[in-house]
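Engineer: Sequence:
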Amino acid sequence: MYMAKGSNGLDSQVIVRASSGSWKIKMGLSDLFSIATSLFSEVFSAYIVIARLGWASILPVVIAVVYVILKARMDVYAMRLRNVTNSALPPKFQQGYINICQHMKTIKLYAWESVFLHEIGLGKVKHVTPPLVWLAQFTMKALNSSLSEIAASLAIISQLRPDSSFSYVEMTIILSSMSSLVAFTRSLGSISKKLNYIGETETVFKQIVSAQQADYIVRKTATKDTAVKMNDSEFSWGKDKFSIRSSALEIKQGEFVAIVGKVGCGKSSIVSALCGEMPLERGEACIFGSIGYVSQKPWIMNATFRDNVLLGNEYDEKRYNQTIEACALTEDLKLMPAGDMSEIGHAGINLSGGQKTRLALARAIYMAADVYIFDDLLSAVDAHVERHLVERVLVGNGLLANKTRILVTHAEHVVPLCDKVITIDHGDILVTQQEKMSYSGMAVHDQMPSADLAEACAKHAVPSTSNAKSGEFTITPELEVPAFSRQTLWKFIALSGYANVATAIAFQFLFSYGFYYVEGLRMEMVKGAGTGLMASALKRYLIVNAVVTIMKCQIGSISALISSHMWFDRVEIKMTNSIVEALLFAPLPVFERMSKGTLEKLMHEDVMLASHHLPSHLCSRVYEMFNAINSLILTIRTSPIVLLSLIPLMCVMLLVNKRREKVQGIVVKVARGSGARLRENILQEVLAGKEVMRTHDRVDHYIDELAEASAKAAMLENHSMRITMIKARVEEIVVDVLYICILIYCKLASLNDPSSFGPGNVDMMMRFSGSTLNKLSSISFSDIGITQCLPSLSRFFVYAEQLGREAPHVSKDTQPSADWPAQGAIEFKDYSMSYRSELGPVLNQLSFKINGKEKVGIVGRTGAGKSSLTYALLRLVEPAAGNVFIDGVDTSTIGLHALRSNISVVPQDPVLFEGTIRDNLDPKHEYTDAQVWEAIEKAKVGHLLTTPAGTFDSTAKPNGHSIVRNPSGNWIAGVGLDRWVSANGANFSVGERQLLSLCRALLWQRAILIMDEATANIDSATDQVMQAVIREEFNDKTVLTIAHRLNTVMNCDRILVLDAGKVQEFDSPSELLSRDGHFSQLVESMKFNEKTKE
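Residue numbers for the sequence shown follow the numbering used here, so the first one is 127 and each next one is one higher.
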């Protein structure tokens, strides 16, 4: 949360970086300690080796040091090459996983499922390492593994003379010295890896520290006179980026200040500057006292309603109730199943836009701050709710009437209530002092009683989609991961492909059997050699050992390459496509109830564990099993009596393993299901609202909560690791005891029958029996790795198979004609819709007809069901009863893709994906650049395709594309169609995103256009331009306009008035105004606003 100040990066990247960064710090610190503590043992090992082999042992040490230096240089070049490769990839829709998790509704609205499925699958294919590169990487690993033995062999060979004469026992001492030398050189070789971890730890610490180096607005203790003061100040997002400038600005305590300006002028940027999110480049800037903040897009946690309001503060019942009433939330809470203890879904998915805004306002008011900053507070509420908020919160006797209030607004009728007006013009702050109009004088006419107003505000509140009994909303607990079964493993093998798995296992068998056969031959070379021939036999042994070691490592690399290429990578692509397809084609109501932190963890961690770690552990188990069998055969050939020692070992291993699996299974399930999931959810929710957290000074509280969750997860993980280590130690003790028994037996046998048990026979029996015992023990270690991966595999199949699917996206039997819909006529017949079966209908027996090419306005109070019509038309939610017809075609009989791809939507919450403007407007590349530019010109948003660092020459279009890169090769920004869009469109204001969404509709030119509160976040002048564009460019289209601003729909042919999910009125504006009906009442409730303008 501290690191992301002013950042437009993806929250999911922060989650990944937090996880990987903490791991790097852990590894770096542990390796630093390891280097320090192992220094003594390494020096002691060096002394023993030099004492036995002489100064020739320095040779492998020199080789190891040279290798460390070369490896470090190669890592630097590899990193540079990786950066160049990444910069060469086309920047298109980055972070597809996160787009799926956060913007599924937008993907379904635009029928872009195939786009994201293709992009993610293609991205996986692009990142599959080519075979030659794999071979090179494994060769380096093989060199790292074999270098120590080769160097040690050279050191010993250099000490052997032709006239050397020594016994078999002396030969074993030399080989023991070789083992010490190998261990010593390997420890030196591992230093490069440890230093790499330490370097990465240093990088992480530098990132944490450097994030705090920028200057921001200074917060000071509240005073009686001044609330905000700026003197010759300039705020900027960075070099050659947008900046805010103020020569002199002073806001007094208790003043009500309005900030106005056109779309994209910098209103939200000055809010970021006041909240301490935008760096201060020069001058002085201070804000006095604590801040209460409501962002333009309200941040809502996946927590209870009350927790969202309290934000970690203590509960004060009186203050809490006053806040709830002032924000017109009392009746909303009565409709929720568990009141204020009802669970709110991720990003407030089970709340309407107005409810989200009022909840965020309640949170800010409860903070009891000194200065309040509201970014477009009134845009998401309708007229009567706006009036309630102004009366009970902002002016008159409102809760904040004596506080400093800074309101960014497009509502011109509220501006006369303010003491000052700040106008933003291309980043310049212009202050206008004015005489504030009395609220009581403005509101005296047509004043609705307070009780009636509160009742009206909540009368049509959106029914909660929470669990009717418990108040729970998310369905993650319902998707319980079952106990692992063999069927799950067989399903995984079937998904991997039987041929691929069989090939990988066959290579493990050949690899294991071949080299154990060679091991027997190597030992035979020195087994029968006499004392005089021992030197030459040993030299041959060492030479063959070096060659075999190289071959073993290289063939192991090839085997790993084949396993990775034929099994790991392929199953990863299959699993990725399966889970992404399951999520993309799951019903939207089901998807919206899932924990987004769990989904991101599933797609990032679980798929990797199941597709790479699990097959790797399975291969290791097969390899170790074959090794144990081969070793057992060799042992039987040497001494069959050793088999007797394996019986107690197997019994102990079975008993310990059974107990360990039972206990560890419980610990792993609790660790991954409770601690880890809680930690991910906290990161997901808090990072999404980091600006709100920092502004409200609640960072420390949630860091403590995150630390507690992390400590809980770490404790459970440590318990699991402790169980594993206890099991390993028990098996090691048993192995050591059995090995001692075998040693005693060999000693007694050699004394009783020296002719049959010579030194060579004793050595081979001890080596092979020890190897057999160790291999059997290592099988259990591979079982541990498999056990840790199985929950991820089970969770994958649960989400891939149990989420359910939408109706078919393509229906071959009822495919509409190519020119459908030609007219755009819409008819609802007895249509009812409910978000969940146990809840009441949000649309109740609707029956109306919209003529082709007709312009229809849709109005109603908050929660009347206006936005639900979009869900109904696009079948985002299937009907409970009735039908919808478009040009006479029943939409329930055709494929979803054919339906959604023929309707354009400009949504209430516009979304831009990280990528270029070109890809955001036309991700399927169905249109030419000329057509895209034509849509941009019609929408009059060409100015958005420039950056402060450079402008785009319009005369060069349509073939002009320009991308700017920084020296490291990363994509920064472009001009023209290549203008770069940051994650979530963060480098564009909400109003600009709505204009770009209109560009999409202008480009696609579909027969039906739905404008869902599309003008809520733009100023009136831009609204008028936008309405003119719609009238001109969609004259021959059917246009449905959902709006809070009644003046937006006054030019429509007819107006549909909804109330509680039912049609109340449907006629022309003039006819509706002549009646004493619902529409006229809505207009009457606007009289307060109209009087404000006068």
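It should be emphasised that the hints constitute simulated quantities derived from the structure, not laboratory data. Incorrect hints may have been included.
Unchecked claim - Straight line, CA to CA, 20 Å or less: simulated DMTMM-like cross-link-like pairs of lysine to aspartate or glutamate: (1) Lys955 to Asp1048; (2) Lys979 to Glu1004; (3) Lys546 to Glu731; (4) Lys378 to Asp358; (5) Lys231 to Glu817; (6) Lys388 to Asp1179; (7) Lys423 to Asp1145; (8) Lys365 to Asp433; (9) Lys423 to Glu817; (10) Lys975 to Glu927; (11) Lys979 to Asp1179; (12) Lys938 to Glu817; (13) Lys367 to Asp545; (14) Lys1066 to Glu953; (15) Lys938 to Asp1016; (16) Lys975 to Asp939; (17) Lys1188 to Glu1158; (18) Lys346 to Glu817; (19) Lys546 to Asp351.
To be verified - Beta-carbon label-pair distances, calculated as ranges: (20) Gly438 to Arg345: 57 to 65 Å; (21) Met467 to Ile859: 48 to 56 Å; (22) Phe635 to Asp1055: 56 to 64 Å.
From the three backbone atoms N, C-alpha and C, an ideal C-beta is built for every residue, glycine too.
Engineer: With reference to the structure, classify each hint as holding or not holding.
Structural biologist: Against the structure, the hints:
1. Lys955 to Asp1048: Given that 20 Å is the threshold and the Cα spacing comes to 34 Å, the pair is violated.
2. Lys979 to Glu1004: Given that 20 Å is the threshold and the Cα spacing comes to 26 Å, the pair is violated.
3. Lys546 to Glu731: Given that 20 Å is the threshold and the Cα spacing comes to 52 Å, the pair is violated.
4. Lys378 to Asp358: holds (18 Å)
5. Lys231 to Glu817: Violated. Lysine 231 to glutamate 817 sits at ~24 Å, over the 20 Å cutoff.
6. Lys388 to Asp1179: violated (29 Å)
7. Lys423 to Asp1145: Between lysine 423 and aspartate 1145 the Cα gap is close to 17 Å, so the pair holds against 20 Å.
8. Lys365 to Asp433: violated (39 Å)
9. Lys423 to Glu817: holds (12 Å)
10. Lys975 to Glu927: Roughly 39 Å between the alpha carbons, so the hint for lysine 975 and glutamate 927 is violated.
11. Lys979 to Asp1179: holds (10 Å)
12. Lys938 to Glu817: Roughly 49 Å between the alpha carbons, so the hint for lysine 938 and glutamate 817 is violated.
13. Lys367 to Asp545: violated (32 Å)
14. Lys1066 to Glu953: violated (33 Å)
15. Lys938 to Asp1016: holds (15 Å)
16. Lys975 to Asp939: Roughly 27 Å between the alpha carbons, so the hint for lysine 975 and aspartate 939 is violated.
17. Lys1188 to Glu1158: violated (32 Å)
18. Lys346 to Glu817: Measuring from Cα to Cα gives roughly 19 Å; hence the hint holds.
19. Lys546 to Asp351: With a Cα-Cα distance of about 16 Å, the restraint between lysine 546 and aspartate 351 holds, given a limit of 20 Å.
20. Gly438 to Arg345: 57 to 65 Å: violated (19 Å)
21. Met467 to Ile859: 48 to 56 Å: Hint holds: Cβ distance 53 Å, inside 48 to 56 Å.
22. Phe635 to Asp1055: 56 to 64 Å: Holds - the Cβ-Cβ distance for phenylalanine 635 and aspartate 1055, about 57 Å, lies within 56 to 64 Å.
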